[in-house]
Amino acid sequence: DAGVIQSPRHEVTEMGQEVTLRCKPISGHNSLFWYRQTMMRGLELLIYFNNNVPIDDSGMPEDRFSAKMPNASFSTLKIQPSEPRDSAVYFCASSLGVGRIRETQYFGPGTRLLVL
Amino acid sequence: AQTVTQSQPEMSVQEAETVTLSCTYDTSESDYYLFWYKQPPSRQMILVIRQEAYKQQNATENRFSVNFQKAAKSFSLKISDSQLGDAAMYFCAYRINEKLTFGTGTRLTIIP
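Protein chains in written order, with our numbering: chain D, 629 to 744; chain Y, 1074 to 1185.
Take the hints with a grain of salt, since some may be wrong.
Stated by the list, open to error - Lysine to aspartate or glutamate pairs mimicking EDC-like chemistry, simulated, CA-CA at most 20 Å apart:
1. Lys652/D x Glu711/D
2. Lys652/D x Glu639/D
3. Lys696/D x Glu642/D
4. Lys1128/Y x Glu1088/Y
5. Lys652/D x Glu1102/Y
6. Lys1146/Y x Asp1099/Y
7. Lys1128/Y x Glu731/D
8. Lys1128/Y x Glu690/D
9. Lys1172/Y x Asp1104/Y
10. Lys1172/Y x Glu639/D
11. Lys652/D x Glu642/D
12. Lys696/D x Glu646/D
13. Lys1172/Y x Asp684/D
14. Lys1172/Y x Glu646/D
15. Lys1172/Y x Glu1083/Y
16. Lys1143/Y x Asp1099/Y
17. Lys1143/Y x Glu1102/Y
18. Lys696/D x Glu1171/Y
19. Lys1143/Y x Asp1104/Y
20. Lys1151/Y x Glu1171/Y
21. Lys706/D x Glu731/D
Everything labelled a hint here was simulated from the structure, so no lab data went into it.
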């Protein structure tokens, strides 16, 4: 059974460029999460979706960041324009949530982003 | 606000010995979940163990077990018979509803 799939695994770009990170959750999972990990701030939740609908985007740092989930098997996190301080590892995670029962979040391998 | 505190930035243990990683959290909720995730150098976040707050029995997964003290808001991870492959960053995490809050991590080194 495939886990959470993220692409690309590594991205190097120049300041001002648009960056798009992609995620395919585990089949059957209905919740999807985007996290960012930096040395300074640790692991932070950026946004999460339930049944393809954004539920909480309070962690999105600013308007340069946007996330979409057009269907149950695909999500994107876009940064436009990118800045050096966006350099981080971005994780996607998914889980199966039903009512009050929330299952474990399973993480993808992450995308290491470097903005020069 | 919910917070998770890991007071040990680094720990080391001799191979085959036992080590305990500490974690405390702060919440006013009664229904929540606690997790330990492992992050090896590959950066992959790997679930080690989970604990439901309503369960009094401590969770166990092979060589990994927790000491969950709900009143004290403490959730430590014990690794028995440490192996070289256990070397990693370990993150304690607390979840209420869908949101996971992570601690700052403990880097575990295994001494051969």
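Is it true that the CA of Lys1128/Y sits at most 20 Å from the CA of Glu731/D? holds, 15 Å
Between Lys696/D and Glu646/D, is the straight-line Cα distance small enough, at 20 Å or below? Distance ~15 Å between Lys696/D and Glu646/D Cα, so the pair holds.
Between Lys1143/Y and Asp1104/Y, is the straight-line Cα distance small enough, at 20 Å or below? Cα-Cα ~11 Å, so holds.
Checking one constraint from the list: CA of Lys1146/Y to CA of Asp1099/Y, max 20 Å. Satisfied? holds, 7 Å
Is Lys1128/Y close enough to Glu1088/Y, meaning Cα to Cα at most 20 Å? Distance ~31 Å between Lys1128/Y and Glu1088/Y Cα, so the pair is violated.
Can you confirm whether the C-alpha distance between Lys1151/Y and Glu1171/Y stays at or below 20 Å? With Cα atoms ~26 Å apart, Lys1151/Y and Glu1171/Y exceed 20 Å; violated.
Quick one, are Lys652/D and Glu1102/Y close enough, alpha carbons at most 20 Å? Measuring from Cα to Cα gives roughly 32 Å; hence the hint is violated.
Between the alpha carbons of Lys696/D and Glu642/D, is the straight-line distance 20 Å or under? violated, 23 Å
Holds or violated: Lys652/D and Glu642/D, Cα atoms, limit 20 Å. violated, 26 Å
Please verify whether Lys1172/Y and Glu639/D have alpha carbons no more than 20 Å apart. violated, 27 Å
Restraint check for Lys1172/Y with Glu1083/Y, where alpha carbons must lie at most 20 Å apart: violated, 26 Å
Quick one, are Lys1143/Y and Asp1099/Y close enough, alpha carbons at most 20 Å? holds, 11 Å
The structure fails hints 1, 3, 4, 5, 8, 10, 11, 14, 15, 20 and 21 (numbered hints given earlier, in ascending order).
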